[in-house]
Amino acid sequence: MTSTPLSPEFKLIAEWIHSKSRVLDLGCGDGQLLDYLIQNRSITGYGMEIDPQKNIKAVQRGINVIQSNLNSHDICDYFDEDSFDFVIMTQALQVVSRPDLLLDEMLAVGKQSIITFPNFGHWRNRAQLFFGGRMPQNKSLPNPWYNTPNIHLCTFNDFEDLCEEKNIEVVARTVVNSRHEPTFAMRFAPNWLGEIALYRVQRKS
Amino acid sequence: MPMTDEIGIVTPQKLHVSTPLEMVSGVTLPEYDLMYETYGNLNADKTNAILICHALSGNHHVAGQYEGETAKGWWNGYIGPGKPIDTNHFFVVCSNNLGGCHGSTGPASINPLTGKVYGPDFPIATCKDWVHSQNTLRQHLEIDSWAAVIGGSMGGMQVLQWAIDFPDLIHHAIVIASAPKLSAQNIAFNEVARRAIMTDPEFHDGHFIEAGTTPKKGLALARMLGHLTYLSDDMMGSKFGRELREGKLNYNFDVEFQVESYLRYQGEKFATKQNFDANTYLLMTKALDYFDPAADFDNDLSKALAKATAKFLIISFTTDWRFSPERSHEIVKALLDNDADISYAEVDSQHGHDAFLLPNSHYEGVFRAYMNRIYNDFCRQRGE
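Protein chains in written order, with the numbering used here: chain A, 1 to 205; chain B, 1001 to 1384.
Please note: incorrect hints may appear among the correct ones.
[To be verified] The list that follows gives simulated cross-link-like pairs (lysine to aspartate or glutamate, EDC-like), each with its CA atoms no further than 16 Å apart:
(1) Lys-54(A) / Glu-1364(B)
(2) Lys-20(A) / Glu-1243(B)
(3) Lys-1181(B) / Asp-1292(B)
[Unchecked claim] Just some of the chain B residues that point at chain A, by a computed CB distance under 7 Å:
(4) Leu-1336
(5) Asn-1338
(6) Tyr-1344
(7) Pro-1359
(8) His-1362
(9) Val-1366
(10) Arg-1373
Rather than coming from a laboratory, the hints here were simulated on the basis of the structure. Glycine is no exception: its CB is placed at the ideal position from the N, C-alpha and C atoms.
Bound-form chain A, shown alone:
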């Protein structure tokens, strides 16, 4: 079942996951990342996914997948505090109804959280809005404003402000372009040049 190659984003995430850790993957899709981590990092854990078709694929892979809506606050009902070493959520922060509350839940049940999302502050988005006067539509944000799952887009700076406000420590951050490659220039102006960010965060002690 692991015929499709692991996406670059998942490869970057996998580098952060140490062997035999307990992992919760929110919005786990067809379970590809968990499958990879089970086989290559000997992790244990669960995926949560709302989409029935993706659930079926995850079950077929042998992944433990709980069908659940990330907006329903099931996470804290299902899991005790510090149940996981890592709670992962890839490309879903911007689609949930209250990203701030979900972040709290993730850091309640997990020691660290790994979060990835598209950067609304990327220069191309800014240019489309600034010069075109319209909401950006491009490869990483393909949907028109009136019909998009991305209801809470933010920039890297916005996210880091939220972390600051919530007393959340950014342990690591990787900024990449849409091909998931870091470039030299991104280091100096990530919020302008980075398209996707991977954050590893934890509660400040």
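Dock chain B against chain A, hints included.
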């Protein structure tokens, strides 16, 4: 979709057990029969056996059809060649629960000690008793352990009991549209059903067989009530709405709305054509009321499931209000507390509790995917 086929003609078998069964109630059943059916073939390693546990009004006839009959078993849509429980891969077993009325020893059977029909004197069986009697059937069939035990509704409760009582004998547990115990509302519905039967003048304190009659009216009422709890408001609305049988109101108490006609038909069919034994109905509802595996573990379901080693698939249906998704969440939570291997699907369906018997692409998809995983697991173990 994969090609599916039918099992075809099946024949039930009967196992006579002469080892006494000590029941939870304290009564010992000296001997008993278990009526059962099997489909598919047991493989050489005996690793492909599946036990199906039936629900309140179900029986051992799960799939296929009897010689000369057109009606098929109650879960025929899900069991057969190429179906989610694929009989090309699995050896499927289902027995009629003890206390039933389809061939296994029950209230309508003759008590060997008195030579008379048991009637109301048949001991009330519990899920635990059923599971223990099914384990005797397992031994008789020389099956070392079940690849999976699967059941919906009351069948799902037996699956949980299996996972708790015989953790080493069950590798996978599939619990569908079930609950870890009945709610007060569930028990209340059962009580109304029992009162309907017991207050029927033809009930004769349960000795109706000896009196040469059956409490058909009470049984039909009980079934009507039960049936209501299996359907959803949505489904009844879309199927019947307020449709009238004669197209106009007659201002009398005859059957006027289609939904009334349907319910009466269901009740009649159950009490007459299916000839369901009223004492069995009472017994089954009691077994449901009593089911509470957490009771022996400080009322903590997580503790009750602590020893379970099976991998679980839990499925619920969105419009099921008899055993709602929230009831399945309780099971999921208890299993997660134990770090069990578990997957959970909440299937969107308008068919209420009955959805577990009906076609649905998500339900079928996840069921099939899980069964394939079980099959692949034991193929891999065999090194195929």
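For each hint, the structure was consulted:
no., hint, result
1, Lys-54(A) / Glu-1364(B), "14 Å, holds"
2, Lys-20(A) / Glu-1243(B), "61 Å, violated"
3, Lys-1181(B) / Asp-1292(B), "5 Å, holds"
4, Leu-1336, "5 Å, holds"
5, Asn-1338, "12 Å, violated"
6, Tyr-1344, "5 Å, holds"
7, Pro-1359, "15 Å, violated"
8, His-1362, "4 Å, holds"
9, Val-1366, "5 Å, holds"
10, Arg-1373, "5 Å, holds"
When each numbered hint is compared with the structure, violations occur for hints 2, 5 and 7.
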